[in-house]
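Note that the protein sequences, when read in sequence, are chains A and B. The first sequence lines up with residues 1 to 289 when you count with UniProt numbering. The second sequence lines up with residues 1 to 797 when you count with UniProt numbering.
Quick caveat, the hints were computed from the structure, so don't treat them as lab data. Keep in mind that the hints are not guaranteed to be accurate.
In silico SDA-like cross-links for lysine to any residue, where the CA-CA straight-line distance does not exceed 25 Å [stated by the list, open to error]:
1. 248(A) x 652(B)
2. 248(A) x 657(B)
3. 659(B) x 193(A)
4. 147(B) x 287(A)
5. 43(A) x 615(B)
6. 499(B) x 540(B)
7. 398(B) x 438(B)
8. 659(B) x 190(A)
9. 499(B) x 615(B)
Since we're looking at a predicted model, the values are computed, not measured.
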Amino acid sequence: MQTPAPFDYAKATSVADALALLDKHGEEARVIAGGHSLLPMMKLRLARPDALIDLNDIAELRGIRIEGNEIVVGAMVRHAEILSSAILAEHYPIFREAEHMIADPIVRNRGTVGGSMCQADPAADLSAVGSALKGTAVIQGAAGTRTVALRDFHEGPYETKVQAGEILTQVRYPIRPGAGSAYEKVERRAGDWAVASSGVFVVVSGGVVTDCGIGLTAVGADHYCAPAAEEFLIGKAPTEENLAAAAKIAGDSCNPVADQRGPADYKAHLAYELTLRALRRAARSSQGA
Amino acid sequence: MTALDEAPLSAAGNPIGFGRMHRKEDVRFLRGEGNYVDDVNLPGMLHSAILRSPYAHARIVSIDTSAALALPGVHAVITGETLAGLGLAWMPTLSYDTQAVLATDKVRFQGQEVAFVIADSRYIAKDALELIDVEYDALPAVVDAKKALDPGAPIIRDDKEGKTDNHIYDWEAGNKADTDAAFAAADVVVTEDILYPRVHPSPMETCGSVAHMDPVTGKLVLYTTTQAPHAHRTVYALVAGLPEHKIQVISPDIGGGFGNKVPIYPGYVCSIVGSIVTGKPVKWVEDRAENLMSTGFARDYHMNVSIASTKEGKILAVKVDVLADHGAFNGVAQPTNYPAGFFHIFTGSYDYPAAYCNVKAVYTNKAPGGVAYACSFRITEAVYAIERIVDCLAAELKMDSAELRLKNLLRPEQFPYTSPTGWEYDSGDYEKTMRVAMDIAGYDELRREQAEKRAKGEYMGIGISFFTEGVGAGPRKHMDILGLGMADGCDLRVHPTGKAQVRLSVQSQGQGHETTFAQIISHELGIPPEDIEVIHGDTDNTPFGLGTYGSRSTPVSGAAAALVGRKVRDKARLIAAAALECSPDDLEWELGRWFVKGDPTRGKTIQEIAFAAHGSLELPEGVEGHLDAQVVYNPPNLTYPYGCYICVVDVDPGTGQVKVRRFIAVDDCGTRINPMIVEGQVHGGLADGIGMALMEVIAFDEDGNNLGGSFMDYLLPTSMECPDWELGETVTPSPHHPIGAKGVGESATVGSPAAIVNAVIDAISPFGVRHADMPLTPANVWRAIQGRPVRTDMAVE
Ligand SMILES: Cc1cc2nc3c(=O)[nH]c(=O)nc-3n(C[C@H](O)[C@H](O)[C@H](O)COP(=O)(O)OP(=O)(O)OC[C@H]3O[C@@H](n4cnc5c(N)ncnc54)[C@H](O)[C@@H]3O)c2cc1C
């Protein structure tokens with residue numbers, strides 16, 4: 001059994017309470033959501049917070065709902081809830097497709113959207129989905145609430161715009177009528193982190209792509225996205241040739257590093273291959289096929 | 001298809017003898033009522049943790065334990081220096097090498113044991129580890145086995161006097177001259193470098209122990225994760241000088257072994273020393289990373305394999321050069337005369353006259369071990385080598401791989417068959433088994449489908465593996481471990497009411513011994529299996545024997561159980577005769593009862609006889625009371641289970657992903673005692689095979705950092721990667737085993753990796769690929785297709 005170093009623990013009852021507890025326990029306190037990233041690091045003693053502020057009882061951080069033309073997902077929404085959400089399935093099949101391949105049911109029952117975004121793992125799948133969909137993060141602190149585009153949310157591996165004393169409360173995604181979306185991931189085994197993933201949405205209207213987003217993970221894509229590839233596609237017909245050219249731009253924009261999941265050339269190839277496969281399916285589905 | 005008649009059912013619905021029944025032990029396992037080492041809690045017990053080396057190779061300059069000792073709740077900190085004072089800093093391995101218990105001079109692999117903390121709780125012990133200050137002087141590490149013997153390579157074992165290189169041994173088998181001649185005369189020669197990478201058994205339960213040295217009685221009770229409790233007891237006596245009659249080794253429920261729990265680990269020794277030092281029971285249980293990084297790994301064989309044949313595909317000879325990476329200490333567990341285990345059974349299931357192998361073993365800065373993970377003493381490597389090279393030959397000859405095998409398989413009339421490397425295969429009808437597998441697979445149809453798919457640019461592959469194992473070590477005149485002959489005892493007591501207890505030296509780690517051995521006694525005596533208790537895992541209460549590994553429990557202890565049952569049956573005959581007032585010669589046995597020949601109504605059941613044996617019945621001269629017996633079984637030969645496996649995969653060349661679509665496994669393990677348990681063993685082994693073929697590997701970076709030290713990095717297969725197994729059987733009983741049974745515990749682990757790899761290579765052969773090393777992860781498959789295969793034992797670049 002792996003054992004963490006000693007720490008204090010407090011259960012927050014509301015966002016205000018959580019912020020107060022963070023303030024009280026100081027710089028070395030951390031919030032805990034599902035604990036599936038934080039606890040393993042603590043057990044390996046790679047993380048050693050002085051105190052854990054537990055967000056699991058905070059009702060206002062839960063739920064998936066539509067507000068205006070946005071889908072709002074609370075920070076404490078579990079992976080399993082995303083997987084089974086009718087709202088998300090209707091607007092963005094990319095969520096279901098991604099969630100099917102995130103970890104395993106045990107992790108999905110506990111791990112959260114907020115934890116996933118704030119962990120900022122360079123191979124996180126929801127980060128790629130969030131960047132593809134160009135969502136926004138809602139961050140709350142003692143000074144109030146602010147929003148940050150998800151494409152600006154991540155500062156780098158394991159670093160986000162959430163400052164000490166703040167928490168992420170929501171993630172919001174714009175609704176795009178007629179969008180098709182898809183997620184493609186290669187993993188070495190069910191439940192493993194991505195060797196590479198690509199998630200996209202495409203809106204095809206009047207025979208051309210009018211809007212699209214490409215998200216990538218585990219391949220060293222800046223902010224988990226490929227804006228140059230998106231620009232290339234806008235206004236073009238979703239032909240195999242155009243999709244492949246866009247996927248090529250996406251693949252070339254990545255900067256993967258070799259590890260035991262695979263060498264860099266392979267990951268770069270996957271960035272291309274998976275983006276192409278996702279674009280094909282998303283474009284087809286936007287065209288009602 | 002079974003060679004046996006159906007057994008009658010007991011009142012509880014179990015077969016009286018052989019047949020399917022639920023495992024008796026599952027009642028407690030399914031309720032979470034198993035009792036594992038970590039469940040053992042003794043009054044006053046202390047906890048412990050091991051400080052491990054972050055370096056693969058470094059000199060220890062100094063160790064300061066004062067801050068750790070000052071932490072409240074810490075009772076003692078033991079270092080190599082403490083142990084050196086007791087003469088215990090080094091211990092012998094099972095291969096007559098030495099291994100550091102706690103490092104004194106140098107650390108030689110990442111994760112090596114450096115200090116041992118004893119504290120009130122596991123938490124405090126781990127906190128204290130962070131307070132131990134070790135100053136290291138880092139040394140260059142030997143990571144690549146191929147460079148271990150380079151001039152100027154750092155010398156790892158400078159603890160051994162006069163050691164000037166990293167060489168361990170050279171060993172050969174077969175006939176070199178004949179083999180060279182056969183190669184020279186052959187039409188076709190195919191050679192391939194084939195790596196069986198380092199993998200780890202990773203049992204669900206990690207290793208651990210609870211040691212209690214009673215300061216008053218001087219008796220040591222050691223609860224420990226061991227597959228061989230008796231062998232461990234004797235080794236502790238020999239090494240530590242503890243009197244053997246005062247050592248009780250208890251191996252409670254074991255959560256998986258696969259060879260991982262055969263060696264003696266430094267943690268066990270430290271828990272014993274810790275108990276001596278503190279006067280209290282001391283528990284040591286390693287965590288997952290410690291298990292993966294420091295305990296007995298498996299394989300790590302770099303094999304250069306060559307095959308010679310006629311142009312018609314008649315195999316003439318095979319030779320193998322092996323570079324064996326044994327890590328920092330030669331901790332391989334195997335019979336003394338066989339430093340490379342049973343690797344030289346690599347000639348496989350085929351009929352050809354000449355074979356030769358040469359094994360060169362080297363030290364590297366990696367964890368010690370080498371024979372583990374259900375490998376039947378390296379038959380896994382042997383089967384992989386021959387089955388892979390036969391496929392390479394088929395590719396070279398442009399011949400169907402099934403046809404090539406059928407052309408070369410040993411024929412039934414050749415048994416008993418003496419192989420070119422000296423094994424005596426006891427029995428087999430190989431072609432029959434292969435045909436059953438091909439029928440289940442629908443082989444010709446699969447080949448047709450493959451051709452159609454290829455035309456459409458879809459990559460489907462079909463892989464075959466035909467394996468022969470030699471298990472059940474072994475005849476004591478050839479086989480011993482540290483001088484202990486590999487024969488097993490067995491005691492049987494039938495109580496007055498006809499219920500029985502059978503005592504065995506072997507130790508179940510999930511094989512279902514409590515059921516199988518009860519069924520064997522049941523088969524011999526007609527006592528229902530639910531009335532027979534199997535007692536094992538406690539050296540004070542069981543006879544001596546060498547333990548469970550190498551698929552030896554059924555071949556050796558299973559034979560002992562059958563024979564002890566027969567001994568009791570013979571005694572029961574004398575007692576029945578006394579009770580029936582007739583001559584024993586007038587009696588005839590039917591299951592569970594002796595009766596008078598020609599008068600079946602006059603007889604005594606085994607239960608009646610048991611009561612009479614303990615009662616007031618006057619017994620004939622020379623017949624002692626009670627109904628007990630003991631035997632020691634020394635096997636005359638190994639048993640030779642075999643099988644044919646066929647795997648069907650689909651490969652996505654754009655991503656390199658492999659999907660195992662079908663897996664057909666036809667095993668011939670002789671008599672099937674409990675077919676359900678046999679199938680369970682096969683299912684588990686097939687999943688192991690998927691793991692090794694597609695994802696498992698412990699690689700190292702150039703500094704010797706272990707890149708497989710957690711389950712995030714060392715991947716085990718899940719049900720998602722496993723197809724519905726399609727099993728079949730043939731039954732060719734072992735002629736020399738009392739009930740005709742052959743071991744099956746490792747068959748599927750041994751036989752399946754080659755089938756999977758062969759299928760993947762078959763799928764991507766249109767890209768010109770003839771071989772790629774395991775594990776065939778998506779990246780490795782893609783790179784093989786690109787013609788730039790990766791080296792899987794090193795960090796990916
Ligand atoms: C075996 C396994 C496999 C996995 N596989 C994948 C995979 O394939 N793909 C994938 O994307 N993920 C994977 N994960 C990670 C999984 O998605 C985690 O659940 C997720 O990364 C973290 O969510 P959590 O709620 O458990 O966060 P926690 O572990 O509780 O927290 C993670 C970090 O986020 C911070 N945090 C949490 N919530 C907030 C908040 N509201 N505001 C500010 N900071 C916050 C915490 O302080 C901590 O630093 C895997 C995890 C495991 C254990």
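- [ ] Compare the distance between the alpha carbons of residue 248(A) and residue 657(B) with 25 Å, and conclude whether the hinted pair is satisfied.
- [x] This hinted pair holds, its Cα atoms lying about 21 Å apart.
Open item on the list: Would the hint linking residue 147(B) and residue 287(A) be met if the CA-CA limit is 25 Å?
Closed with: violated, 59 Å
TODO: Mind checking the alpha carbons of residue 499(B) and residue 540(B) for me, to see if they're no more than 25 Å apart?
DONE: holds, 22 Å
- [ ] Would you check the hint for residue 659(B) and residue 193(A), treating anything up to 25 Å between C-alpha atoms as holding?
- [x] holds, 18 Å
- [ ] Quickly compare the C-alpha distance for residue 659(B) and residue 190(A) to 25 Å and report which way the hint goes.
- [x] holds, 12 Å
Task: Holds or violated: residue 499(B) to residue 615(B), with C-alpha atoms at most 25 Å apart - done: Status holds; Cα separation ~15 Å.
Task: Agreement of residue 398(B) and residue 438(B) with the hint, judged by alpha carbon distance not exceeding 25 Å - done: Measuring from Cα to Cα gives roughly 20 Å; hence the hint holds.
Open item on the list: Tell me if the straight-line CA distance from residue 43(A) to residue 615(B) falls inside 25 Å.
Closed with: Not OK: residue 43(A) and residue 615(B) at ~62 Å, beyond 25 Å, violated.
Open item on the list: Hinted pair, alpha-carbon criterion (25 Å max): residue 248(A), residue 652(B). Please report holds or violated.
Closed with: holds, 19 Å
In this structure, the hints that do not hold are numbers 4, 5, in rising order.
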